[in-house]
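A.B. asks: Whenever a hint applies, use it, and build me the whole structure from the sequences.
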Amino acid sequence: MATSSVLADAPRPPLRRAGVQRGIARIVAFLVFAGLWQAFATSANSLLIPTFTATVSAFLRLIASSELWRALLVSNQALVIGFGASVVIGIPVGLLIGRFRILEKVADPYVSIMLVTPMAAIIPLMVMSVGIGLASRAMLVALFALPMVIVNTRAGVRQVDDRLVEMARSYNATERQIWTRILLRGAMPGVMAGVRIGLGRGITGMVVVELLMVSVGLGGLILEYRAFFRTADLYAVVIVVVLEALVLVSVAHRIERRMVPWAGDETGSA
Amino acid sequence: MNPSTSASAAKLGTRVRVPSRLVPALSLLVGVATWELIGRIWDVSFFPALSEVVAQLVELIRDGRILGNLSASLTNLASGFGISVVAGIVIGVAMGMIPIVNSALDVYVYALLTAPSLVFAPIFFSIFGLGRGSIVALIVVYAVFIIIINTADGVRSVPIELIEMAQTYNASRFQIARRVILPAAMPMIMAGLRIGVSRAVKGMINGEMFIAVVGLGRVVTEAGGRFDAASVLAVLLVIIAVAWAASAVVQIIDRRLTSWLPEVNRG
Amino acid sequence: MIEVKGLTKKFIDKNGTTVEAVADLDLTVQDNEFVTVLGPSGCGKTTLLRCIAGLTRWDQGEILIDGNPVRGPGLDRAMVFQSFALLPWATVLRNITFGLELRGADRETREDKAMELIGAVGLADFEHNLPGTLSGGMQQRVGLARALAVEPSVLLMDEPFGALDEQTRRLLQEELLRIWEARRITVVFITHSIEEAVILGDRVVVMTPRPGRIDDITNVPLGRPRANPAEYAAATRTVAELTATLWERLKQHQPDSRAGGTRS
Chain A
1 MATSSVLADA
11 PRPPLRRAGV
21 QRGIARIVAF
31 LVFAGLWQAF
41 ATSANSLLIP
51 TFTATVSAFL
61 RLIASSELWR
71 ALLVSNQALV
81 IGFGASVVIG
91 IPVGLLIGRF
101 RILEKVADPY
111 VSIMLVTPMA
121 AIIPLMVMSV
131 GIGLASRAML
141 VALFALPMVI
151 VNTRAGVRQV
161 DDRLVEMARS
171 YNATERQIWT
181 RILLRGAMPG
191 VMAGVRIGLG
201 RGITGMVVVE
211 LLMVSVGLGG
221 LILEYRAFFR
231 TADLYAVVIV
241 VVLEALVLVS
251 VAHRIERRMV
261 PWAGDETGSA
Chain B
1 MNPSTSASAA
11 KLGTRVRVPS
21 RLVPALSLLV
31 GVATWELIGR
41 IWDVSFFPAL
51 SEVVAQLVEL
61 IRDGRILGNL
71 SASLTNLASG
81 FGISVVAGIV
91 IGVAMGMIPI
101 VNSALDVYVY
111 ALLTAPSLVF
121 APIFFSIFGL
131 GRGSIVALIV
141 VYAVFIIIIN
151 TADGVRSVPI
161 ELIEMAQTYN
171 ASRFQIARRV
181 ILPAAMPMIM
191 AGLRIGVSRA
201 VKGMINGEMF
211 IAVVGLGRVV
221 TEAGGRFDAA
231 SVLAVLLVII
241 AVAWAASAVV
251 QIIDRRLTSW
261 LPEVNRG
Chain C
1 MIEVKGLTKK
11 FIDKNGTTVE
21 AVADLDLTVQ
31 DNEFVTVLGP
41 SGCGKTTLLR
51 CIAGLTRWDQ
61 GEILIDGNPV
71 RGPGLDRAMV
81 FQSFALLPWA
91 TVLRNITFGL
101 ELRGADRETR
111 EDKAMELIGA
121 VGLADFEHNL
131 PGTLSGGMQQ
141 RVGLARALAV
151 EPSVLLMDEP
161 FGALDEQTRR
171 LLQEELLRIW
181 EARRITVVFI
191 THSIEEAVIL
201 GDRVVVMTPR
211 PGRIDDITNV
221 PLGRPRANPA
231 EYAAATRTVA
241 ELTATLWERL
251 KQHQPDSRAG
261 GTRS
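The listed protein sequences correspond, in order, to chains A, B and C. Residue numbers 1 to 270, in our numbering, belong to the letters of the first sequence in order. Residue numbers 1 to 267, in our numbering, belong to the letters of the second sequence in order. Residue numbers 1 to 264, in our numbering, belong to the letters of the third sequence in order.
For the record, the hints were derived by calculation from the structure and aren't laboratory data. Careful: at least some of the hints might be erroneous.
Stated by the list, open to error - A few chain A residues facing chain B, derived, Cβ under 8 Å:
#1 A39
#2 I222
#3 L234
#4 V238
What the hints assert, rightly or not - Covered stretches of chain C, as calculated for chain B (at least 3 residues, CB under 8 Å):
#5 77 to 83
#6 95 to 104
Even glycine gets a Cβ: it sits at the ideal position worked out from N, Cα and C.
C.D. replies: Here it is as structure tokens:
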């Protein structure tokens, strides 16, 4: 009997079992983490480091409180407006610079700068010019999301097979027809990826603005709890934020896959 | 798919034939000139002309406020990014090579990558206190997850025939990891590092703005508090330069390490 | 000498059914013999080779090399791959010394050996090239040199010329024969080209699929050394006759043939 230590092909377990194995691994990892956290926090015995159990109960309390939901409402207003703006502006821009090389070259330095600049540093300027209301929060959310929407839309257009466009031209298609029949459809995967990634960035912007500019909404809660040393509550809000980001991006991913089922599972340019 | 440069230039009404390589630079020049113009005409505090900003930058350099904070920022960046690279590659390789590790961690890595990393700043603040440690920890949170994911993807996409080939020469697991998997995964690892360094810079600035003790982020916050737009923009220029330089360094290392890639595959 | 006894290997395909890739297979390969294994896709020839190489575990039976049971890959066997499997980031020289490096041979020994083989496979002046700059035929020469560098007693070749165009393939067949004449090691060569099996082998093993087993073993009545068969009319005729005979045999087991259909 072969007892080779180098295994090449054991028969694969049927898919269901693999899923259960994975689930168990994840739960185990989580439990290990929770255990370590609890041990560390209990030994540190500090006001500033809540235990895992304290955090869990704070989380449950928080979910039930109206405070949280009011904060979510306030925060997400900026998200909806800002993200909406970034999509409305970003997609057309991305389509244009994807289609016309010259426009791409004109826009290139600015897009690069936008990608590389930490938008948070813009906050003081925003405060000076637009103030600290919903408008400036929404604008910052838009600024966070915009570069990703543009870049991914551009990529989406560029990866449309040149030959398809040539083919359309050979049938005397007008520019408009090239767009409607080929480019818009073909660019969809990139556009949807941009929307999904842009949403993630927008959520980041939403929170960053509330932590650095004006403490309302979720960020406001975090800062408030920090000021009052309610650290378990603080951690609970952090968990809420992480969950919201996860949920929204997953939903966006699902929609993306529904709309462009022919696209591979690309992560896009993050 | 793209109309030739001169054709679309004609469409846009220019008759001048501009070599396409120069267009980005020209565009930037036009932008800069516009900035200068608008800054001068429109006299508002939050929109200083470029010349003003440059002058302020020189001033800031001269009285030492930039350099000290710049080096503080760069130290934070180097430490945080350094830790992210080591931890990211190690964890990524583990996840790529050992399926159970991958199953256990992938959801969490993805979740932490998607979440707005700045929320962890207050947490680090309470653990590490008001100082460098918090900022470095935050930079790690910003950068490490994308490195992990890219590394794991790179390791997983090593062509199995290369691994089997190495097995036929009786290579140990370690030899395979070092001689086959790591070099083969290098392009994707470097992609992770490129994105990671950009995220690290953002983490550095965001962290320094939140825990405003030291560094360029702090200067921005202070200047903003004084409604000193020229200083804010001046520091912003420095920040952009830092981000660009960090990115360029990683790109250079990338070229060296993946010089064997055919040009087509460059991201 | 390779002894395969009662080898059985089962897979579970994507529908969940069990497929016998190899069923109760017996084969003996003598020292310094060049055996070609011929058969359609799915007949188990690759599985057989991989089991001998120690890359694949099997379910029943045993494989002995010079009396020692196979437990995994070993230094006595080296493999040449259809997809070349060269390290794209390493030069031709480094690729050839790969096996030697793993074994810890010192630099001088490695490079001497490599240069000798580079000459033997006809790649002189290319030692510092990267695989990406080489044609398929040249890459496979590197693959062959790499395998020979570790001085194996058994050379396992998995459709090594399958990815090459016809001209290159014929060229490399001649090269392989020439190189083999100079160092007669045991070779097991997988192919689905009948003509190739006849040109290269001392014996042709015909395998059939579902379940994978040996249908027939034919001796090739051509002498050694086998220079270019096209130069010798008589040899060509033998090759053609043998090819036709083998094709008749194989046809019986092709799914869409009218004479016989598949054996299940």
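A.B. asks: Evaluate each hint against the coordinates.
C.D. replies: Checked hints:
Checking A39 of chain A against chain B by beta carbon gives a least distance of about 15 Å; that is not within 8 Å, so the hint is violated. Interface hint at I222 of chain A: satisfied, since its Cβ lies 6 Å from the closest Cβ of chain B, which is below the 8 Å cut-off. Here the hint on L234 of chain A is kept, as its CB sits about 6 Å from the closest CB of chain B, short of 8 Å. For V238 of chain A, the shortest C-beta to C-beta distance to chain B is roughly 5 Å, which falls under 8 Å, so the interface hint holds.
With a cut-off of 8 Å between beta carbons, the region 77 to 83 of chain C has 5 residues touching chain B; three or more are needed, and the interface restraint holds. With 5 residues bearing a CB less than 8 Å from a CB of chain B, the region 95 to 104 of chain C meets the requirement of three and the coverage assertion stands.
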